[in-house]
Amino acid sequence: DIPTINGHASLKIPSGLQPGQILRIKGKGFPKLGKTSRGDQLVKIQVDVPKNLSKDEKRIIKEYYEIEKDKDIKFEKFED
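Be aware that the sequence shown starts at 236, since it is given in the working numbering, and climbs by one per residue.
Treat each hint with caution, since some may be false.
[As the list claims (entries may be wrong)] List time: in silico PhoX-like cross-link candidates among lysine-lysine, alpha-carbon distance up to 20 Å:
1. 297 x 286
2. 261 x 247
3. 247 x 279
4. 263 x 279
5. 293 x 304
6. 247 x 263
7. 279 x 261
[To be verified] Estimated spans, in silico, between C-beta atoms of each pair:
8. 268 x 298: 52 to 60 Å
9. 261 x 286: 31 to 39 Å
10. 266 x 298: 45 to 53 Å
Just so you know, these hints were derived from the structure itself, not from any lab.
What you are looking at is a predicted structure, and each value in this text was computed from that prediction instead of being measured.
Here a beta-carbon is modelled for each residue, glycine too, at the ideal position from N, C-alpha and C.
Model the full structure from these sequences, guided by the hints.
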């Protein structure tokens with residue numbers, strides 16, 4: 236759920252979503268002047284990257300890298 240000015244709204248997260256991308260929740264923004272309808276609320280996507288990973292987390296990321304390494308995905312360097 237995403238907080239809005241009048242409560243909360245559900246937001247579907249599409250696959251392939253990138254950090255900094257903006258999604259729109261229709262009709263959940265500020266009221267339009269002189270009208271009963273509302274504008275849209277924009278949601279900017281932020282990604283928190285952990286500073287410390289467990290051994291299992293590192294293993295999973297390495298497995299993902301091995302699967303995806305031939306695609307156009309940036310894994311400049313991954314260290315243990």
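Exercise for the section: Below or equal to 20 Å on CA atoms is what counts here, so check residue 247 against residue 263. Expected result: holds (15 Å)
Handout entry: Distance restraint between residue 263 and residue 279, which requires alpha-carbon spacing of 20 Å or less
Key = Holds, because 15 Å separates the two Cα atoms, which is no more than 20 Å.
Handout entry: Restraint check for residue 279 with residue 261, where alpha carbons must lie at most 20 Å apart
Key = holds (14 Å)
Practice task
Measure nothing beyond the straight line between the CA atoms of residue 261 and residue 247; if it is 20 Å or shorter, mark the hint as holding.
Solution key: Holds - the C-alpha atoms of residue 247 and residue 261 are around 12 Å apart, at most 20 Å.
Practice task
Look at the Cβ atoms of residue 266 and residue 298 and judge whether their distance stays inside 45 to 53 Å.
Solution key: holds (49 Å)
Handout entry: Hinted pair residue 247 and residue 279, Cα distance within 20 Å
Key = holds (13 Å)
Problem - 20 Å limit on alpha-carbon distance, applied to hinted pair residue 293 and residue 304 - result: holds (16 Å)
Practice task
Given the hint that residue 297 pairs with residue 286, test it: the Cα-Cα distance must not exceed 20 Å.
Solution key: Holds, at roughly 16 Å.
Problem - Whether the CB-CB distance between residue 261 and residue 286 falls inside 31 to 39 Å - result: Roughly 36 Å apart at Cβ, these two residues keep to the hinted range, so it holds.
Exercise for the section: Go ahead and decide if the range 52 to 60 Å is satisfied by the Cβ distance of residue 268 to residue 298. Expected result: Hint holds: Cβ distance 53 Å, inside 52 to 60 Å.
Checked against the numbered hints given earlier, the structure satisfies every one of them.
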